Every structure is written in structure tokens, then in C-alpha cells.
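Generate the whole structure from the sequences, applying the supplied hints.
Protein chains: 4
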Amino acid sequence: MKIEQYQIDQHNDGLLSSHNNQYVYTKELLGEQGIYADEVVKALQDFQVAIPSWALGTGGTRFGRFSGGGEPRSLEEKIEDVGLLHALNRSSGSISLHIPWDIPEQPKETIQLASSLGLTFDAVNSNTFQDQKNQELSYKFGSLSHVDAGVRKQAVNHNIEVIKYGEQLGSKALSVWLSDGSCFPGQSSFVKAFQYTLESLQEIYAALPDDWKVYVEYKAYEPNFYSTVIQDWGSSLLFCQKLGPKADVLVDLGHHLPNANIEQIVATLMMEGRLAGFHFNDSKYGDDDLTVGSIRPYMLFLIFVELVDGMRRANRGSSSYAWMIDASHNVKDPLEDLLQSVEAILISYAEALLVDRKKLEQARSVNDVVLAQQILQNAFRTDVRPLVREAMRQSGGAIDPVGLFRQVGVRSELMNERGKITVATGL
Amino acid sequence: MKIEQYQIDQHNDGLLSSHNNQYVYTKELLGEQGIYADEVVKALQDFQVAIPSWALGTGGTRFGRFSGGGEPRSLEEKIEDVGLLHALNRSSGSISLHIPWDIPEQPKETIQLASSLGLTFDAVNSNTFQDQKNQELSYKFGSLSHVDAGVRKQAVNHNIEVIKYGEQLGSKALSVWLSDGSCFPGQSSFVKAFQYTLESLQEIYAALPDDWKVYVEYKAYEPNFYSTVIQDWGSSLLFCQKLGPKADVLVDLGHHLPNANIEQIVATLMMEGRLAGFHFNDSKYGDDDLTVGSIRPYMLFLIFVELVDGMRRANRGSSSYAWMIDASHNVKDPLEDLLQSVEAILISYAEALLVDRKKLEQARSVNDVVLAQQILQNAFRTDVRPLVREAMRQSGGAIDPVGLFRQVGVRSELMNERGKITVATGL
Amino acid sequence: MKIEQYQIDQHNDGLLSSHNNQYVYTKELLGEQGIYADEVVKALQDFQVAIPSWALGTGGTRFGRFSGGGEPRSLEEKIEDVGLLHALNRSSGSISLHIPWDIPEQPKETIQLASSLGLTFDAVNSNTFQDQKNQELSYKFGSLSHVDAGVRKQAVNHNIEVIKYGEQLGSKALSVWLSDGSCFPGQSSFVKAFQYTLESLQEIYAALPDDWKVYVEYKAYEPNFYSTVIQDWGSSLLFCQKLGPKADVLVDLGHHLPNANIEQIVATLMMEGRLAGFHFNDSKYGDDDLTVGSIRPYMLFLIFVELVDGMRRANRGSSSYAWMIDASHNVKDPLEDLLQSVEAILISYAEALLVDRKKLEQARSVNDVVLAQQILQNAFRTDVRPLVREAMRQSGGAIDPVGLFRQVGVRSELMNERGKITVATGL
Amino acid sequence: MKIEQYQIDQHNDGLLSSHNNQYVYTKELLGEQGIYADEVVKALQDFQVAIPSWALGTGGTRFGRFSGGGEPRSLEEKIEDVGLLHALNRSSGSISLHIPWDIPEQPKETIQLASSLGLTFDAVNSNTFQDQKNQELSYKFGSLSHVDAGVRKQAVNHNIEVIKYGEQLGSKALSVWLSDGSCFPGQSSFVKAFQYTLESLQEIYAALPDDWKVYVEYKAYEPNFYSTVIQDWGSSLLFCQKLGPKADVLVDLGHHLPNANIEQIVATLMMEGRLAGFHFNDSKYGDDDLTVGSIRPYMLFLIFVELVDGMRRANRGSSSYAWMIDASHNVKDPLEDLLQSVEAILISYAEALLVDRKKLEQARSVNDVVLAQQILQNAFRTDVRPLVREAMRQSGGAIDPVGLFRQVGVRSELMNERGKITVATGL
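One line per chain: the protein sequences are F, Y, U and A, in this order. Residue numbers 1 to 427, in the UniProt record's numbering, belong to the letters of the first sequence in order. Residue numbers 1 to 427, in the UniProt record's numbering, belong to the letters of the second sequence in order. Residue numbers 1 to 427, in the UniProt record's numbering, belong to the letters of the third sequence in order. Residue numbers 1 to 427, in the UniProt record's numbering, belong to the letters of the fourth sequence in order.
One or more hints might be untrue.
[Stated by the list, open to error] Here are the simulated PhoX-like pairs of lysine-lysine, each with C-alpha atoms no more than 20 Å apart in a straight line:
1. A:Lys359 to F:Lys192
2. U:Lys192 to Y:Lys358
3. A:Lys108 to Y:Lys133
4. A:Lys358 to F:Lys192
5. Y:Lys192 to U:Lys359
6. Y:Lys133 to Y:Lys108
7. A:Lys164 to A:Lys108
8. U:Lys140 to U:Lys153
9. Y:Lys246 to Y:Lys164
10. U:Lys192 to Y:Lys359
11. U:Lys108 to U:Lys133
12. Y:Lys164 to Y:Lys153
Rather than coming from a laboratory, the hints here were simulated on the basis of the structure. The structure displayed is predicted, hence computed values, not measured ones.
And the structure:
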């Protein structure tokens with residue numbers, strides 16, 4: 001299925017008058033504060049969020065999975081799904097693949113398909129947290145950190161293979177989330193697990209093409225419930241320092257202990273020039289993988305305040321970081337959920353762009369805490385949706401992506417095409 | 001010091017044109033959604049938040065306190081401070097006293113002073129978490145739950161005395177936050193502590209005037225660090241059930257374990273007809289007592305969504321609940337901080353009033369999770385500040401309370417009057 | 001496979017001399033403190049822990065499952081597995097079934113098999129957190145709390161059916177863990193969900209045989225990640241109060257928010273006469289379902305201190321409560337894991353029995369906190385393993401259950417019988 | 001007051017027979033496992049825990065403080081108190097001072113007094129979390145990280161002054177716990193705060209004598225409730241890396257987010273050669289500063305398992321690390337509390353020394369998780385108190401320090417000497 005431009009145009013036409021009113025008002029409101037709405041809109045247009053292939057199907061928990069229908073059954077259908085999203089919001093212009101589920105059998109055709117939908121290939125993801133059929137050695141007790149050199153070798157080779165698949169598609173980074181760890185005190189030696197992992201990562205690092213990066217993700221717990229080999233940003237950074245300049249730290253919002261100040265972690269990593277990018281989602285308890293912005297939108301805003309600050313300090317554009325949604329869609333239509341997530345990201349980014357940095361620094365320099373808070377909240381409380389809609393519209397997308405998605409009956413069409421009880425491959 | 005109406009009017013005049021633009025726009029925007037801005041404004045005007053006497057001075061931590069200046073030195077000065085706040089925002093129309101620090105020596109004069117500033121007296125608060133000079137028995141190991149009947153009796157008498165002071169001023173409720181608990185496993189018997197506390201509360205309950213209520217607050221921990229006698233809403237409710245219909249549960253936002261779903265607690269208590277009201281504040285880690293809305297504004301909004309829902313179900317107005325700010329102002333001017341808190345409360349309330357309940361119920365009835373989220377977020381993302389400002393303006397308050405507070409130099413005037421190194425009495 | 005008594009006797013003979021030394025020493029040590037070791041041993045022998053059918057296979061997480069071999073493929077094989085455990089430790093004398101996976105086709109034969117192994121049937125468990133093949137309506141959006149009356153009816157009927165299966169086997173209780181809740185703010189109405197659930201439970205309650213109980217379990221989160229209908233003990237108790245005297249609260253150690261004081265919850269529920277029993281496990285982060293006692297053994301001890309206290313106050317024996325292990329065996333042999341869990345439970349129980357209650361009350365009555373802590377820690381620090389071993393030995397079990405399990409090669413024998421890649425039915 | 005050796009000897013004589021029985025039994029029990037009890041006892045004797053001067057008085061919370069009596073009123077009396085502890089347990093052979101409260105006016109006499117009691121001077125602690133009388137600039141908004149260079153300079157100078165006081169007494173390290181941070185989003189720039197702090201620490205580092213170290217402590221929150229400049233071990237390590245080899249990370253058990261795996265942090269820091277040492281205490285909720293081992297003794301044991309491992313890997317003795325108790329004694333006699341804490345530390349250390357490392361490595365190498373857990377728990381469940389008592393006895397201390405403390409009436413004697421309502425100086 002494909003959404004045609006005329007469908008988007010028709011949709012926009014119907015909303016345009018109302019949207020224009022809101023956009024003009026917002027533009028004037030911001031103008032009075034010395035902010036150029038056009039520049040914000042431009043920045044929003046440049047902000048592209050990758051969609052991981054595993055997020056296109058219904059997710060589940062250890063207690064089960066309630067599948068929906070019309071889920072993509074192949075790499076091609078996954079690319080088509082992301083194409084649908086991108087057609088709607090013009091902000092999801094890349095896809096992140098997961099090996100072994102997304103192995104490109106015919107890379108050229110795959111690239112061509114993606115190109116035709118305006119998509120590129122983001123970081124490729126290895127997987128050693130499950131055993132695959134016909135796999136020689138098991139990852140039950142770890143992969144890159146395993147006590148058995150044979151298992152480590154197998155996992156290293158898998159990662160190198162993933163790099164090769166990525167190269168074929170034009171990816172420029174390998175993303176490593178290592179589920180290795182232990183479930184019980186005593187089970188493993190923290191130091192040996194670290195050292196083994198380091199050696200494994202060094203082998204992988206050595207196999208990186210010149211213009212590639214490796215992203216080292218951390219996670220406090222799950223699926224191991226006592227310890228994880230890379231438990232926090234400090235561990236990730238330590239690995240990256242030992243690996244070299246091509247290794248950066250990847251932050252997933254759900255991978256922290258309760259109450260963590262994630263925005264400060266972001267600021268610190270950017271200060272060190274070591275932030276790879278983000279896996280966006282939201283959570284209330286653990287790594288709940290909920291829709292971005294659905295639980296703690298103010299925290300997301302504060303993170304973007306740091307991101308904007310860090311990008312300016314480093315003089316880097318948003319496209320030089322890896323932004324991806326990593327959520328699990330258990331009770332919503334996966335595509336609608338992704339549209340809501342992208343919207344939430346852009347809203348937070350827009351709000352962060354409204355922060356009056358000069359005034360903020362001035363307030364900080366005299367410890368005017370009341371004013372500093374007010375400056376942030378003024379940006380956060382501003383209704384920036386007209387800016388986000390305008391950005392999508394100007395880029396050729398829909399003013400109301402979810403609305404149009406429903407209007408044209410995307411899901412039922414996909415169910416017609418693919419069946420009502422398809423289950424997406426991949427986790 | 002007093003802020004005169006003409007000062008407010010002048011201030012408002014300068015902002016009126018810009019404010020009117022925003023208000024008119026917002027009114028139209030809401031009108032398109034079938035919402036009458038005027039009704040929201042009216043509801044906001046009716047919402048009054050009590051100010052506790054102990055929040056008027058600089059707060060501190062166990063590591064120290066960095067006092068500001070011009071803090072109130074007497075009950076009269078505390079009333080004057082709340083009068084200043086109420087003059088500015090017209091939403092802080094009552095004061096909550098803390099005995100023994102706020103004993104009214106001349107109740108009539110005290111009432112007269114308060115009335116002249118448009119203030120009434122909210123719930124009175126007892127204190128048994130500190131020892132006072134010349135106190136016969138110590139509360140080191142508890143008060144209402146103490147193993148020694150003599151200490152319990154002393155604490156009961158103190159509470160009854162507090163009721164009497166409250167009666168003189170027109171209060172209608174006693175608020176009991178019990179710091180009793182234990183610091184170490186083994187220190188106390190959970191069951192005995194519960195039973196002693198119940199007996200003590202029953203004595204206090206028996207002393208309540210006919211039209212009074214007692215509010216039973218709970219808290220997960222601090223200042224006791226292993227257990228507290230009333231650790232959660234379930235415990236509070238159990239006490240209230242055993243006490244009788246005049247006992248209701250008081251919720252303080254900071255008194256929960258990490259990640260608690262407070263909005264559900266609120267809904268449950270309202271369903272049971274047992275919600276007394278709220279102590280508003282915000283926090284990131286524990287009972288941090290930060291400015292309302294400064295950390296988790298979306299959670300505050302979700303709580304208000306339940307409050308509005310519960311009030312409608314019970315057919316009760318907002319004035320029939322006890323709303324109070326309970327924060328500690330460690331690094332901000334206490335009065336400015338309180339103005340920010342009241343504003344945040346009204347913003348959340350306004351947003352909650354915008355939620356399209358009919359559409360929400362419809363979405364829920366078909367499990368349209370995407371739409372249900374969108375309905376809430378549509379309300380939350382709307383910039384309701386023009387409504388809050390209009391409510392204050394119409395009530396005779398300032399469009400920008402903090403701005404006017406600074407403009408007329410309230411703090412420096414108070415420092416002139418009271419001294420630069422005053423320390424407010426009370427905690 | 002079956003372990004013969006002579007195997008156990010041989011095993012014990014080899015360890016007896018060393019064990020006797022330790023037991024005699026411990027007996028004397030306790031004797032000096034006025035404690036009769038024999039009485040403790042007797043109490044330990046009486047303490048029976050149910051094994052749930054789903055714990056006999058390898059567990060997993062949402063990221064996958066690494067199966068072991070020789071897992072039970074049928075209800076009969078599950079009973080045989082529990083029989084093996086009980087033969088080894090004489091403390092696992094009952095099995096808790098999970099419908100629809102454990103439907104007894106020939107109840108008489110099933111009972112006979114169980115009896116021959118010394119086993120009875122504990123509480124039966126319903127399941128509405130997954131959809132079964134050919135199920136008419138889906139539980140994706142809830143079961144007993146579902147907005148659709150048809151789904152609620154189906155779930156109620158399922159529970160009533162479970163009761164009927166249980167009756168056939170001699171069970172006396174239905175255990176309800178309700179996974180219902182919501183993943184996003186707005187998704188469901190807390191109040192309606194509560195009311196629907198209450199109505200559903202009332203129908204189930206009405207179907208309970210005279211001598212049955214229903215256990216109402218609570219859980220803070222997972223598999224729903226924003227709210228659960230029965231989120232904490234307060235909610236559970238509220239349901240039980242409304243249902244009637246046959247409804248009690250079931251506590252699962254892993255179902256709480258971080259840092260919860262579970263021992264106080266236990267004490268409060270026992271005070272109210274509403275504790276049904278326990279689902280034992282351990283955890284570091286969430287509902288990690290780890291081996292009992294592997295992470296927080298002191299907390300487990302403190303819980304047992306309350307259990308012993310509550311049983312004495314209520315003059316009830318340990319057999320009048322429902323004790324069960326509810327863990328997930330992801331990286332250990334499930335049977336070995338269960339043996340370790342039972343041992344940890346008995347150790348904690350033994351330690352709790354050593355607490356000098358009289359001295360403790362005396363210390364509490366004068367707020368001697370140092371001494372109160374010392375009394376508890378004296379019990380906890382005592383090595384009670386000789387008592388636990390003696391209890392098992394006297395009951396006909398093995399002195400070292402895990403040791404004997406390995407010695408006779410239980411797992412490899414089971415793999416021979418059942419195959420190397422069996423996967424236990426049930427979650 | 002002083003405890004004489006004959007008092008200790010008399011006390012020991014009364015307990016000796018019973019103690020000997022227990023020690024001999026334990027020695028044999030361990031002997032069967034190939035462990036030499038004498039070596040464990042020797043290691044325990046070598047383990048010395050510093051006592052901070054501020055822990056000798058009653059602690060408090062922001063809600064108040066319930067003082068005891070007989071608290072030390074001067075540096076001399078503090079040293080005498082630690083002398084009492086050390087006489088009793090022979091394991092508290094040093095004192096850690098807090099400037100400005102413990103400025104040694106006559107260093108020689110101070111050293112002489114300490115020496116006469118067998119005490120040395122541990123790390124000295126600076127304080128910039130409170131303002132002192134006559135202090136020129138305020139630390140309300142930070143010290144080493146303050147936006148004002150003047151405040152930073154003042155704080156740097158204070159730290160350098162503390163080094164000088166320490167030098168006079170023979171200290172070899174400066175311990176920096178920086179309370180700097182922010183209470184509200186927006187209040188401060190994370191990056192600037194880091195950079196300012198780094199510059200300040202570099203100036204302090206430059207002032208360190210050749211054989212000194214600086215310990216950089218981290219803390220997740222409190223007294224700042226939104227962010228702290230040094231929020232976690234990763235931040236601390238980053239500072240140390242930038243400072244140089246004389247800077248190491250100090251771990252305080254209470255300074256972490258909920259559920260943190262502290263033992264892994266310890267292992268990682270030791271692997272990097274960057275662990276300075278420990279501030280021991282225990283907690284259930286936040287930085288509760290409770291008696292060591294009173295809440296999570298198994299976690300303490302696991303930490304010691306790593307410490308023993310790390311010390312052996314690095315071939316360093318326990319005396320080359322900084323061990324200190326940092327607790328707040330709110331409801332117990334401070335000296336009794338400290339005796340309990342030291343005992344708990346030694347118990348954990350003893351248990352960790354019992355772990356069969358060879359067998360553990362063997363179990364790990366084949367992923368025998370059940371056995372690995374059993375090996376740790378076997379050590380933990382062993383009653384090692386006879387070893388600890390023997391170590392104290394052999395060193396000339398009391399078999400039952402708290403018992404003797406009470407027997408000779410230390411507290412009442414101190415109250416006679418110093419008064420019933422003394423309040424110790426210092427926090």
C-alpha cells in the first residue's frame with residue numbers, strides 16, 4: 001500500500017484554514033519574544049527519526065502477545081511500512097534493521113525500494129539475546145562476555161556479519177545492545193565479564209569500515225535481573241574510551257534506574273563528545289517501551305534542552321546524531337503509535353528551540369532560580385503543535401498524520417494485503 | 001506591606017492588550033472544540049489554594065538552611081504575607097496554621113486581620129515530630145503511637161488543643177501528619193503501633209466539633225527510615241474506616257514510593273468518598289517538596305483529570321476539598337515560589353477542564369487507546385495560561401503575579417520592614 | 001522417574017556424622033538461649049510450600065527463552081516433578097495448577113497419582129492474561145475489568161470453570177491474579193475498571209463452594225505499564241472487604257514498588273485477618289521472579305518474623321495459609337532452583353522462630369532500639385541450616401536435596417525419558 | 001572517661017568459656033572446608049574502620065533532632081569517644097575530622113592524645129554545604145561549582161586549608177563530598193557546573209602534598225533535589241581521570257538511586273584502580289544513614305566479596321583503602337550504634353573471606369549458577385561471629401563490646417562528665 005501525494009494534499013486542504021490561523025498566531029506570539037518561527041520550522045524539517053524494523057509489529061511481554069493484523073512479513077513490507085510513516089510525517093526518513101531477521105537478500109533492490117520511498121538505512125543492530133535455529137552455540141549465558149571463547153567468537157562474527165549487511169545498504173553504524181549479564185549474585189565475575197566484552201568489542205571495532213561508528217548501549221537490567229555487563233552510562237563510556245574514537249554511547253530512555261537524571265547524563269556525554277544518539281520511548285516503571293512523551297513529556301523536553309545546547313556547543317547539526325524510536329506497541333496499532341511518538345519528539349524539540357538561551361544564561365549567572373524555571377516553562381507551556389504541523393506540511397507531509405492514516409484506512413488495507421493474523425518477524 | 005489595587009490595575013493595563021489577544025485566540029480555539037472559555041475561567045476563579053504558615057520562610061535540609069531576609073516573624077506577618085499572595089493572584093485565599101508556632105493570642109484581631117485581606121483559615125496542623133521547650137515528655141520515639149501511654153496522652157491533648165485554636169479562627173478541620181514510625185527492623189511492633197495510634201486518633205476524633213473533619217495523612221518514609229505507622233493510602237483508609245465518616249485521607253504528592261500511580265490512588269479515594277484533599281508539591285527523588293509542577297507537570301495534570309472527574313461524579317465543588325501547597329523553599333524566594341506553585345496548579349486544573357470527557361469515554365468504550373491518549377494530550381498541550389491570567393484578572397489579581405511582585409519590590413520592602421536576617425518561626 | 005527411599009537413606013548415611021555434629025552443636029547453642037531445637041524442627045516439618053505447575057519448566061523474558069531439557073509435557077509429568085521435589089525435601093507437598101494448561105482429564109487418576117507421591121492440590125489459578133486458541137473474545141484490553149460485558153462474562157465463566165476443576169481435585173481456593181490494567185494515561189477509567197472488576201469478582205465469589213476461599217492478588221505493574229486494576233494491598237483489601245469473608249489478600253513479594261516495606265503490609269493484613277498467604281520469590285528491580293532468598297534474605301526473614309507473630313496472635317498454624325513459590329527459572333535447572341527456594345524459605349522461617357519474642361517486647365517497651373535490632377540479628381546470624389536439614393531428614397527427605405538431585409542424575413534421567421528439547425506447557 | 005584493660009579482661013573472662021566453645025566449633029567447621037580460621041581472624045584484626053567526628057553526636061533530619069546526653073563538646077572529647085570505641089573493639093583505630101568544626105588548635109597535643117588511645121587521623125573532610133558565621137560569601141548556590149569565581153575561590157581556599165590542618169595531624173587524604181547541584185530544571189548549566197568544578201578541583205589537587213590523595217565522592221541527590229554536580233560513579237571517575245593519579249572515587253553506600261548494583265560499581269572501580277574506599281552505612285529509601293548491616297546485610301556481603309577479590313587482584317592490603325562509617329544516629333546512642341556498625345562490617349568481611357574462590361571460579365567457568373549461588377550463600381549463612389569476637393579478643397578488645405559498654409555505664413559516665421544536654425559540634 002502507498003499513500004499518494006494527492007491524498008495528503010486533499011487532507012491538508014481541509015485543515016489548512018484552521019491550521020493557518022494557528023500558525024500565524026503562534027508565529028506572532030514567538031515574534032514578540034524575538035523568535036523566528038520559520039527557523040524553528042526549518043529545524044524541525046531537518047530532524048529525522050529512524051524507525052526500527054522490530055517496532056512495526058505488535059510487541060508483547062513475557063506474559064504473552066496480542067497480535068494485530070496486517071503486520072509486515074518481510075524486509076520489503078517493513079520498508080513499505082516506514083515509507084507510509086514517512087509519507088505521512090516526512091520525519092521518519094530512515095529504517096534501522098535487525099539481523100538476523102532483516103537480512104537483505106538482494107541489497108540493490110532493497111536500496112532501490114527504500115530510495116523510492118525517500119528512505120535511507122540507519123544503524124544496523126546485531127542480536128545475541130536469543131538463540132536462532134541452527135545456531136551452533138547458545139547465548140543462554142551470554143555472548144560477547146561469555147566465559148567460553150567459542151561463544152564469544154561466534155557473537156563477534158555475528159556482529160561483523162551485521163556490519164557487512166549494513167555496508168551493503170549504506171548504513172554507517174553498528175548499534176550494540178548487549179543483553180549479557182547475570183541473574184544471581186555469584187553467577188559471573190564482573191571483572192572477567194568486562195574484560196571479555198572489551199576484547200570482543202575490540203575485535204568488532206577492528207572490523208568497522210573507516211567511516212563507521214559503533215554505538216555502545218547500556219541498560220540497568222532486563223533480561224538479566226541481577227547485573228548487566230554494561231549497566232550504566234559510566235560503563236558505556238569506559239568501554240568507548242578503551243575502544244577509541246569510533247565508539248560512542250547510545251542512550252535509551254528506558255534503560256535507567258528509577259529517578260535517574262537523564263538530561264544530565266546527556267549533557268555530560270555531549271561535553272565529552274561521546275553521545276551517539278538516542279533510543280526514544282517512555283516509561284513509568286522500568287523499560288516499559290511506551291509511546292514517546294506519553295508519561296514524562298517534561299523530562300523529554302529537558303533532554304532536548306540539553307541536546308540543543310550540546311549541538312550548538314559542538315557546532316553539529318541534528319543529522320549527525322542517531323535518533324531512533326525504540327518502543328514496544330502492545331496495545332496500539334504500531335504505525336499509529338510510531339506517528340504519535342514522532343510527533344512527541346518534534347514537539348519536545350520545538351519547545352527546546354524556543355528556550356531563550358541568552359536570558360537563561362543571564363538568570364543562571366545571578367542564580368535567579370525562579371526566572372530560570374520560568375524561562376524553561378514558558379517554552380514548554382507554549383503550544384508548538386502549529387509549528388510541527390507546518391514543518392510536516394512544508395515537507396510534503398500531512399497536517400494530521402494519524403487522522404489521515406485512519407481516514408484512508410491504512411490498517412484495513414494492510415490487512416487485506418497481508419492477512420489479519422500476520423505476525424511481524426523479529427522480536 | 002500591602003499591594004494596592006491601583007498598582008495591580010496599572011500593571012494589568014500595561015499587559016492588557018497583549019493578554020487580550022491571547023485570551024481571545026484561546027477562547028476561539030476552545031470554542032471550535034465546543035468548550036466555553038468563560039466557564040473554565042469561572043471554575044479557575046473558584047479554585048482556592050491554602051498557604052501553610054511554614055512555607056512563608058526559607059526551608060532547609062538536614063545539611064543546613066540558607067535563610068533569606070524579610071521573613072515573617074509572627075502570626076500577623078504570616079497572614080500579611082498570604083495577603084500579599086492573595087492580592088496578586090486572588091487564588092490563595094486561606095492560610096493553614098501550625099501549632100505551636102502559630103497560636104493566636106487574640107483570635108478576634110487575628111480573624112479581623114485575615115478578613116481584611118480576604119483570607120480565611122484552612123485546616124489547622126498539629127505537630128508532634130519535634131519536641132518543644134518545656135515539653136514534659138519527648139516524641140523521640142513517637143507520639144500517638146508511643147509505647148508509653150503518657151506520651152500518647154500528651155500527644156492526644158496537643159491535638160485537641162489544636163482543634164480548639166482552630167475553632168477560635170473558624171477552621172473546620174484538623175490535619176494530622178504523623179511522623180511516627182521506626183528507623184530499624186525490630187524497633188517497634190507494627191500491630192501495636194497501629195492499635196495505639198487508632199486509640200489515640202479515636203480520642204481526637206471524639207473531640208472534633210460536629211462540623212469538623214480530621215484529615216489523616218500518610219507518608220512512606222522520613223523522618224523515620226525503616227517504617228512509618230501510616231505508610232500508604234491503604235493504611236490511611238483503614239484508619240478512616242475505623243474512625244468514622246468525619247475522617248478522610250489527605251494525599252501529599254511527595255509521600256509515595258518511586259513510580260507510584262498517584263492519580264489512581266486519587267480516583268480510588270474519591271470513589272470511596274474518602275479524599276480529604278491535597279498537599280501539592282513536586283519531587284524527583286523523595287519528598288523533595290519542590291515547586292508544584294516543576295518536575296512532573298504531566299502527572300499533576302493526570303491527577304487533576306481524576307479530580308475533575310471525581311468532583312463531577314460526586315457532584316461536589318472544588319471548594320469542598322482541602323487544597324494546600326506543602327513545599328519547602330530552599331533556594332527561591334518563598335513568596336515567588338508560592339506564586340509559581342499556585343500558577344502551576346491552576347494551569348493543570350485548566351487543562352483538566354479542557355479534556356473532552358464525552359469523546360474520551362467513547363474512545364475508552366472501544367479501546368481506542370491512541371485516541372484516548374490524544375484527547376488527554378490535546379488538553380495538556382494547549383496553552384491555557386491566557387485562561388489562568390484572565391481568571392486572576394477578573395478576580396482583581398495581577399496578570400503576571402511574579403512580575404508585579406518584583407516590579408513593586410515586595411521582598412526588599414519586607415526586608416526593610418522586618419530585617420535582612422529574620423528567620424520565620426515554625427519548621 | 002522416581003527417587004527411592006533407599007537412595008535417600010544412603011545419601012543421608014554418608015552425611016549423617018557431620019550433620020549430627022552440627023545439629024548437636026546448634027541444639028546446645030539454642031538450649032543456652034532457652035530455645036528447644038526440637039520444637040523448631042517440628043515446626044519446620046509442618047511447613048509445606050506449594051509448587052506451581054508453571055515453575056517446572058524454563059522461564060523466559062520478552063526477549064526470549066532458553067529452554068533446558070526434560071521438562072514435563074503433561075499434567076502427570078508435572079505431578080511427578082513435584083513428587084521428586086517432595087521426596088527430596090519433604091516440604092513441597094502440594095501442587096498448584098494453572099488452567100487451561102493443567103486441565104485434569106481423569107481427575108481420579110490424577111488424585112491417585114498425586115497421593116502416591118504424598119501430594120495434595122493447592123489453590124487453582126485462572127488465566128486471563130493470554131488468549132487461548134479458539135477463544136471467542138480477546139483479553140487484549142482486559143478480562144474481569146473489560147469495558148465489554150461479553151468479555152467480562154467470558155472471564156467470569158473461565159474462573160468458575162477453574163473452580164470446578166479445582167473441586168474435582170480437592171483444592172480449596174481459587175487464586176486470582178488479574179493482569180488487567182492500562183498501558184497509557186487515558187486508556188481506561190480507574191473507577192469503571194474497579195467497578196467492573198468488583199462485579200465480576202462478585203459473580204465468581206458467588207460460585208465458590210462453602211469451604212473455599214478466593215485469593216485476590218495485587219501487582220503494581222506489568223504486563224500493563226501505566227496502571228493495574230489491583231495495584232497494591234490497599235486495593236486488594238478494598239475488594240476483599242466488598243466481597244466478603246471468603247476473600248483474602250495474596251501477597252507476591254515481587255509485586256511492589258521499589259523500597260516497599262512488605263513486612264509491614266504483612267503485619268497489617270494479618271491484623272485485619274485478611275492474609276491469604278504468599279507467593280515467594282526474590283527480586284532486585286521489578287517482578288524479577290528470582291530464587292527465594294537470593295537477593296534480599298534479610299527482608300525475607302523480617303517477613304517471617306511478622307508471619308510467626310501473626311500466626312501466634314491469630315492462633316493459627318502455618319498450614320492454614322497458602323504458601324507457594326512463584327518464580328521464573330531462566331538460567332537454572334527449574335527443579336534445582338525450586339529446591340534452593342524451599343530451603344531459603346525454611347531457613348528464614350527457622351530464623352524467625354529463634355527470635356526471642358519476650359526479650360524483644362521488653363526492649364520495645366523501653367525503646368531500646370539497639371537491643372531490639374540485636375535480638376533480630378542474633379536470630380538471623382545464627383546458622384540454622386542444621387535445623388532445616390534435621391527437619392528434612394526426620395521427615396524422610398534428604399540432608400542435601402540439591403546434592404542428591406545431582407548425585408542420582410535426575411535431570412539427565414528426565415531428558416532420557418522426555419527428550420532434550422521438551423518445553424513445559426503453561427507460561 | 002576511659003575503659004581500662006582490666007575491665008575488658010574481666011568482661012572477657014566471664015564470656016570466655018562459651019566463646020571458646022563456639023570458636024573451636026567454627027574453626028573445625030571451617031577446617032573441614034579447607035579454611036584456616038586463624039587467617040581469617042588475622043585479616044579481621046587488620047581491618048580498621050575510621051570513625052568520623054560528626055557521627056559521635058545524635059543526628060537529625062530536616063524535621064528536627066532529639067539529642068541525647070554526654071555528647072562530645074570538643075575535638076578532644078571526640079577523640080576520647082573514638083578511643084572508647086577502639087578500646088572496646090580494637091577495630092576503630094582512626095578518626096576522620098570535619099573542618100571547620102574540628103580545627104586542631106594545638107596539633108601536637110592532639111596527636112599525642114590520639115596516640116595514647118591508639119588512634120591515627122584518617123582523611124580530613126572539607127565542608128561547603130553550610131555557611132559558617134562570618135563567612136564572606138554564601139554557598140547557598142554552590143561552592144566549587146558556583147557561577148561566581150569569588151565563591152569558587154573561597155571554597156578552593158577552604159579545601160586547601162583543610163589539607164593543611166590534615167598535614168599537621170598526619171592525615172594522608174582529603175575527602176571531598178560536594179553538595180553542589182540544583183533544585184530545579186534550568187537552575188544551572190550541567191556543563192558549566194562540571195567545568196567550574198573541575199577547575200576548582202584542579203587547584204585543590206595542585207595543593208596536595210606528594211603522598212596525599214583526594215577522594216571524590218558522588219551522590220545522586222540531596223541536599224539538592226534536581227541534580228548534583230557529581231551524581232554517580234561515572235561522573236566521579238570522569239573527574240578523577242581528568243585530575244590525575246592522586247584522585248580516587250569514594251563510594252558511600254547511601255548515595256545511589258534505588259536498586260543500584262553497588263557491588264558491580266565497586267568491582268569496576270577496583271578494576272580501574274580507582275577505588276578510594278568506602279563510607280559505610282545502610283538504607284532502605286534514600287541516604288538514610290542507618291546502622292551498617294541493619295537493612296541489607298546480604299548486599300554488604302556481596303560488596304565485600306568484590307572488595308576481597310579486588311584487593312587480591314591488586315595485591316593490596318585492606319589498610320591501603322579508606323574505610324569509614326558515615327551514619328546518622330537519630331534514635332540510638334551514637335557510640336553503641338557505631339559498635340554495631342563496626343561489628344556488621346567485620347561480619348561481612350569475615351563471610352567474604354570464607355567464600356571458596358576456587359570452587360566459585362570453577363562453577364562460573366561452566367555456568368553452574370546453582371552452585372555459584374550456593375557457594376556464596378554457604379559463606380553468608382555461616383555464623384562468623386565467633387571469628388569476629390576472637391579477632392577483637394586477640395587484639396585486646398572485648399568479646400561483647402556493646403555489652404561491656406552498657407555494663408560499665410559509659411553513657412551515664414559521659415553524661416556526668418559532660419552534661420545531660422550537650423550537643424556535639426559539627427553536623
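Taking the hints in turn, this is what the structure says about them:
A distance of roughly 16 Å separates the Cα atoms of Lys359 of chain A and Lys192 of chain F; the hinted pair therefore holds under the 20 Å criterion. At most 20 Å may separate the alpha-carbon atoms for a hinted pair to count; Lys192 of chain U and Lys358 of chain Y meet this at roughly 15 Å. About 41 Å separates the Cα atoms of Lys108 of chain A and Lys133 of chain Y, which puts this hinted pair outside 20 Å; it is violated. Simply put, Lys358 of chain A and Lys192 of chain F have alpha-carbon atoms about 15 Å apart, close enough for the 20 Å limit, and the pair holds.
For a cut-off of 20 Å, the pair hint linking Lys192 of chain Y to Lys359 of chain U stands: about 16 Å separates their Cα positions. Distance restraint check for Lys133 of chain Y and Lys108 of chain Y: the Cα-Cα separation of roughly 27 Å exceeds the 20 Å cut-off, and the hinted pair is therefore not satisfied. Between Lys164 of chain A and Lys108 of chain A the alpha-carbon distance is near 14 Å, which keeps this suggested pair within the 20 Å criterion. A threshold of 20 Å between alpha carbons decides the hint, and for Lys140 of chain U with Lys153 of chain U the separation of about 15 Å falls inside it, so the pair holds.
The hinted pair formed by Lys246 of chain Y and Lys164 of chain Y meets the criterion: a straight-line CA distance of about 17 Å does not exceed 20 Å. Proximity of Lys192 of chain U to Lys359 of chain Y is assessed by CA-CA distance (about 16 Å); at most 20 Å being required, the pair is judged to hold. At roughly 27 Å between alpha-carbon atoms, Lys108 of chain U and Lys133 of chain U are farther apart than 20 Å, so this suggested pair is violated. In summary, the hint linking Lys164 of chain Y to Lys153 of chain Y is supported, as the alpha carbons are separated by about 17 Å, within the 20 Å threshold.
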